[in-house]
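Construct the complete structure from the given sequences, taking the supplied hints into account.
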Amino acid sequence: MRSREANVAVVGAGPAGIAAASAAGESGLAVLVLDDNPAAGGQIWRGGIPEPWRERFHAEVIANTRVVGAIEPGVLLAESAEDALTVRYRKLILAPGARERLLPFPGWTLPNVMAAGGLQALVKGGLPIEDKRVVLAGTGPLLLAVGMHLLKRGARVYRGGRIEAAEGIGQVQAAILRRGHRLWREPCDYLAVSFGLVANTELPLLLGSVEVDEWQQTAVPGVYYAGHTGGVGLALAEGEIAGYASAGRLADARRRFDGRRRARWFQTAVEWLFRGELPCKPCPDTIVCRCEDVSFGALSKYKSWRSAKLETRCGMGPCQGRICGPAVEHLLGWKSESVRPPVFPARVETLAAIHWKDS
Amino acid sequence: MPVQIQIRVNGRTVRVPPGTTVAAAVMRTGESAFRRSVTGEPRGPLCGMGICFECRVTLDGVPHTRSCQTLCVGGMEVQTDAQP
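Quick mapping for you: the protein sequence lines, in order, are chains A and B.
Read in the numbering used here, the first sequence has 60 at position 20, and its numbers run on one by one without any break.
Read in the numbering used here, the second sequence has 779 at position 66, and its numbers run on one by one without any break.
Please keep in mind that the hints were generated in silico from the structure rather than gathered at the bench.
Every clue listed holds true.
Partial list, derived from the structure: chain B residues whose beta carbon lies under 10 Å from chain A:
hint, residue
1, MET740
2, GLU744
3, SER745
4, GLU754
5, LEU759
6, ILE764
7, PHE766
8, GLU767
9, VAL775
10, THR778
11, LEU784
12, CYS785
Here the structure is a predicted model, which is why all the values come from computation and not from measurement.
Don't be surprised by glycine CBs; every beta carbon is placed ideally from N, CA and C.
Printed below as a string of structure tokens:
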């Protein structure tokens with residue numbers, strides 16, 4: 041097990057985390073950034089960190105390392121493929137970002153049915169997409185961005201119609217789409233869907249709170265939360281404010297308040313543009329929880345998350361409800377319960393670090 | 714032509730450019746069933762960002778490795794389609 045110390049620990053190296061680490065590090069504090077991905081940049085800057093941030097960002101990044109919880113207040117517990125890591129910090133900035141909301145429809149568990157951003161990430165990670173037929177379905181600004189990216193890479197992108205089902209043997213072969221009364225079968229190699237974003241609130245809920253004050257500080261003093269579903273501009277503004285505030289540079293933080301206000305306004309406008317009902321039509325045998333293969337019909341028999349969980353294991357697999365949670369909330373109105381550590385599946389050796397500390 | 718990295722997927726050699734994720738390398742072989750679900754369904758990458766755990770493979774003998782969050786390193790041995 042490795043142990044590290046930092047004045048400011050930042051979890052997440054996406055735009056918010058990078059802005060936070062850049063601001064916090066300006067006055068020479070030791071800043072340590074932890075990120076689950078192989079490289080800094082998050083989902084938005086997967087191809088590399090743009091200027092001026094590349095110039096401003098000097099913090100040490102520990103990549104391929106996911107935070108699973110805290111050993112005690114002020115000490116994070118994380119693990120990589122190789123070992124466990126503890127990080128003792130004075131200030132903590134949580135920038136865990138967002139994930140895509142995925143809603144179940146018949147056939148959505150077939151291989152090559154993916155989240156739109158997921159397909160884009162795979163393409164950026166080396167998946168050849170030239171001349172492949174991609175059907176895009178769902179809603180939100182991300183679909184447009186992904187569509188543009190795939191077109192540039194030579195994919196044959198089809199967009200139009202509401203997704204009813206995915207069909208195929210072994211993997212997706214066609215999307216069943218609907219427009220008004222017209223229902224048709226669109227052959228494809230990949231079906232990429234997007235239904236908006238959901239914030240990764242597990243760590244803020246566990247170590248601070250989702251609610252923040254004007255300095256991006258959570259209900260726990262010294263623990264900040266920045267960025268989530270509000271777009272890059274807002275993530276950068278919140279990150280910088282959190283970074284300066286964590287370093288005690290409140291005047292510098294305050295100078296970013298205007299930028300944050302403008303970014304929030306812009307985000308409200310974007311959300312208004314893409315408002316509307318989310319399409320979601322599972323059949324009784326459509327799987328909702330992909331980790332435990334729990335169908336919509338099985339879940340519908342219960343009255344709450346708790347009873348459904350106890351009887352079906354819905355939300356109790358490796359993703360810990362990250363995928364089915366927002367879907368269940370949308371379909372059945374159940375809000376997921378409180379978060380418990382470890383927030384990601386962890387090895388026994390990693391969890392043993394808690395024991396070593398106690399003994 | 715940049716230097717290619719060589720890994721093996723289900724015993725087959727695959728050459729990929731540096732920076733390729735294991736998930737992308739597996740898909741380059743035409744394989745789409747990365748794992749079997751608890752009821753035996755084939756599953757493949759979904760979120761592409763380490764959240765959903767659908768792209769798990771056995772990597773150098775270590776099961777349940779998220780292939781989308783792992784970069785290819787020369788000599789890696791990847792096994793897909795593991796039973797739960």
